[in-house]
Structures are given as structure tokens and as C-alpha cells.
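K.L.:
Here is what each chain is made of, one letter per residue.
2 protein chains.
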Amino acid sequence: MQASNFYIEKVDLSKPLHCKQLLLLLNEYMEDEMGAGKPMNPGLSEEIIEGLQKYPSYIGFFIREGDEFLGLANCNSMFSTFQAAPLLNIHDFIIRKKSRKLGAGQFLLEGITGFAKQEGFCRVNLEVRYDNIKAMNLYRKTGFGECNPPMYFWEKGFNGK
Amino acid sequence: MQASNFYIEKVDLSKPLHCKQLLLLLNEYMEDEMGAGKPMNPGLSEEIIEGLQKYPSYIGFFIREGDEFLGLANCNSMFSTFQAAPLLNIHDFIIRKKSRKLGAGQFLLEGITGFAKQEGFCRVNLEVRYDNIKAMNLYRKTGFGECNPPMYFWEKGFNGK
Numbered sequence: 284m285q286a287s288n289f290y291i292e293k294v295d296l297s298k299p300l301h302c303k304q305l306l307l308l309l310n311e312y313m314e315d316e317m318g319a320g321k322p323m324n325p326g327l328s329e330e331i332i333e334g335l336q337k338y339p340s341y342i343g344f345f346i347r348e349g350d351e352f353l354g355l356a357n358c359n360s361m362f363s364t365f366q367a368a369p370l371l372n373i374h375d376f377i378i379r380k381k382s383r384k385l386g387a388g389q390f391l392l393e394g395i396t397g398f399a400k401q402e403g404f405c406r407v408n409l410e411v412r413y414d415n416i417k418a419m420n421l422y423r424k425t426g427f428g429e430c431n432p433p434m435y436f437w438e439k440g441f442n443g444k
Numbered sequence: 284m285q286a287s288n289f290y291i292e293k294v295d296l297s298k299p300l301h302c303k304q305l306l307l308l309l310n311e312y313m314e315d316e317m318g319a320g321k322p323m324n325p326g327l328s329e330e331i332i333e334g335l336q337k338y339p340s341y342i343g344f345f346i347r348e349g350d351e352f353l354g355l356a357n358c359n360s361m362f363s364t365f366q367a368a369p370l371l372n373i374h375d376f377i378i379r380k381k382s383r384k385l386g387a388g389q390f391l392l393e394g395i396t397g398f399a400k401q402e403g404f405c406r407v408n409l410e411v412r413y414d415n416i417k418a419m420n421l422y423r424k425t426g427f428g429e430c431n432p433p434m435y436f437w438e439k440g441f442n443g444k
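Residue numbers (our numbering), protein chains in the order written: chain D, 284 to 444; chain C, 284 to 444.
Treat the hints as calculated values from the structure; they're not laboratory data.
Please note: incorrect hints may appear among the correct ones.
Identical copies look the same in the list; a pair holds intra-copy or inter-copy alike.
Stated by the list, open to error - Using 27 Å as the maximum straight-line C-alpha spacing, the simulated BS3-like pairs for lysine-lysine come out as follows:
id : residue 1 : residue 2
1  : Lys293    : Lys337
2  : Lys400    : Lys337
3  : Lys384    : Lys303
4  : Lys424    : Lys337
5  : Lys384    : Lys337
6  : Lys321    : Lys400
7  : Lys337    : Lys381
8  : Lys293    : Lys400
9  : Lys424    : Lys384
10 : Lys337    : Lys303
11 : Lys424    : Lys400
This one's a predicted model, so the numbers in the text were calculated from it and none came from an experiment.
Generate coordinates for the entire structure from the input sequences, incorporating the hints supplied.
P.N.:
Written as C-alpha cells, this is what we have:
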């Protein structure tokens, strides 16, 4: 398999095939030890699609090879006040297990950053788990790194989440 | 001065007063040693307002006392696929220098988290500089903390940014 057969396709949530593949890939991500470690709650799939469809800032990218969907990135477009320019946040980054170690992750990430650069985004941000060494290696390889100065990513959840 | 005189007002970018105050507060934030350490490029102000107006995911909050604007939070509404619910990202968090140490930061932060909880957001996220101890203390006091598992916030900028 050669990287040159990969291609990027933007997620179009008006296409049932895209919705189905998004949910399949997201479920694999949730099951992964670096995700939630358990499969998607079956009742959630409709809410996820409806939620994403409602969000005008959502931008998604598939990495495909022929008819196959190898991976997915769910992103949000935000606005950097300091740069007065849009920035892209990668919220989920998924390569299905059987397509790993073939360069798909790097291809997808380069597709996203290429899109962002071309469309006038000032930067791409992502959060990475402190223990996800494989992901960090991939992100570094494609030019990502700590912010300058470094930033911590904090949260306050509701309802015990 | 008592905290009970503070109140929260959502930013309305159709109001010239709100646009003016947003730029004043943002400029003070940029000048701050924990911001960019230099004032806003004068040419940027129009682009910032126009950019924010274009972004449907933008939600801003002022903290006010009477006619005074004491602080500002510029936030983005995003969508958590894992929770199938919106999440709120605090992009800028500003309390003007002369209004610090009066509880304004806590009041604004509690206003934002109260809004987010009421509106069905699953969580509030923010990035904090590793060396901004005062901000961390404030965020901890209002229930923020590291994600579980902890996450690093990385970026890839374009054009040397």
C-alpha cells in the first residue's frame, strides 16, 4: 500500500455514508485505550450527528483509500483575537487500527494543516494525552509542538463528567 | 466595593459600545506580561470585530459594575463528540488591572460556568500559561483543574506565528 493512494475528503453530514462512517470511526476511537476505553453508547449516535450538523464551526476530514474510510478528524473553527484570524482546533483524531503504521496519520494531519494554511487559518491546535507517546511522535513529525510559552489544558465538567 | 454590584452582560457585537469596550480590554490583555507583552496593532481592531461578528460560535461575556466594564471573556462554543453535547472554550480571559483583587475574576468565571451549565454545555475548557500562577489559583478556586487524564495543548502555526 502506498501513501499516494490516500486522499482527503471533507465530511459532508448531508451524506448518509459520511454519517455512518463518522460514527464507525468515532466508535473505534472511543473503544481505544487512548479514547474512552469503551464503545459508544448506542443512543448517542443520533445526537452526535444532529449536534455536529447544528454546529456551524464544525469541519471534518476523512482520509480515504478507494471506497475505504481509514480515519477521521473532527475539527472546530475558532477565532484568534490576537491574530485576528481563524484557527482550527482538532477535537478528535482517529486512524482505525488496521490502517495504522502506513502513514495514514501523517497524511491526514498534513491534509488538515494544508487546508488550514490555504484557507487563511493562523494555526492549528490540538490536545494530546500526556501518555499518548505514539500520537505525540506523529504530531511532532508534522510540525506540532508545545505552545510558546507552554500552555496547560484545563477543564471544569458538569454532572460528574 | 462589593461583589454584589458586579453583573455579567453577554457581548453584543451589534452595539458600538460593546465593540469599543471589547477592544479596550483586549488591548490591555495583549499589553499584559501574561498576554502578548505589547499593545494591539492599531490596524487589527477592525479585523477583530469583523472576525468575531462572522463567527457564529463566538460567545462573549463582560463583567460590569454600573457603567464600567471590568473584564471580558471571549469564548467559543464547540461540540464534544464523546458527550454529544456542546462545550465552551474560554479563549481570552481578561480582568483590567485596576479591577483585580476584588473578586471580579471569580465572579466572571462563575458567570460563565453558570451560563454553560444552564445552557446544557457538558464542560468548560481553557488553556492556561504554565507560568501564570495567579490565573491557575483563580481557576482552581472555581472548580477548574487538569483534565483526567491530563492533556497537553499543542500547536502548529503558520508564517512564523
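K.L.:
Each hint needs a verdict: does it hold in this structure or not?
P.N.:
A quick look at each hint next to the structure:
For the identical chains of this complex, lysine 293 and lysine 337 are neighbours both inside a copy (17 Å) and across copies (21 Å), given an alpha-carbon limit of 27 Å. Taking CA atoms no more than 27 Å apart as the test, lysine 400 paired with lysine 337 passes in both settings, with 25 Å inside one copy and 19 Å between copies. In the homo-oligomer, the alpha carbons of lysine 384 and lysine 303 lie at most 27 Å apart inside one protomer (24 Å), although the nearest pairing across protomers, at 51 Å, exceeds that limit. In this assembly of identical chains, the alpha carbons of lysine 424 and lysine 337 never lie at most 27 Å apart, being 34 Å within a copy and 33 Å across copies at closest.
When the C-alpha separation of lysine 384 and lysine 337 is checked against a cutoff of 27 Å, the pair qualifies neither within a copy, at 34 Å, nor between copies, at 40 Å. In this homomeric assembly, lysine 321 and lysine 400 come within 27 Å of each other (Cα to Cα) only across copies, at 25 Å, whereas the closest approach inside a single copy is 35 Å. Within a single copy, lysine 337 and lysine 381 get their C-alpha atoms no closer than 31 Å, and across copies no closer than 40 Å, so neither meets the 27 Å cut-off. Proximity of lysine 293 and lysine 400 under a CA criterion of 27 Å is satisfied intra-copy only: 16 Å inside one chain copy versus 32 Å between copies.
In this homomeric assembly, lysine 424 and lysine 384 come within 27 Å of each other (Cα to Cα) only inside a single copy, at 14 Å, whereas the closest approach across copies is 43 Å. With identical chains, the CA atoms of lysine 337 and lysine 303 are at most 27 Å apart within one copy only, with a shortest distance of 17 Å there and 31 Å across copies. Taking the closest pair of Cα atoms, lysine 424 and lysine 400 come within 27 Å of each other only inside a single copy of the chain (17 Å); across copies the shortest separation is 38 Å, beyond that limit.
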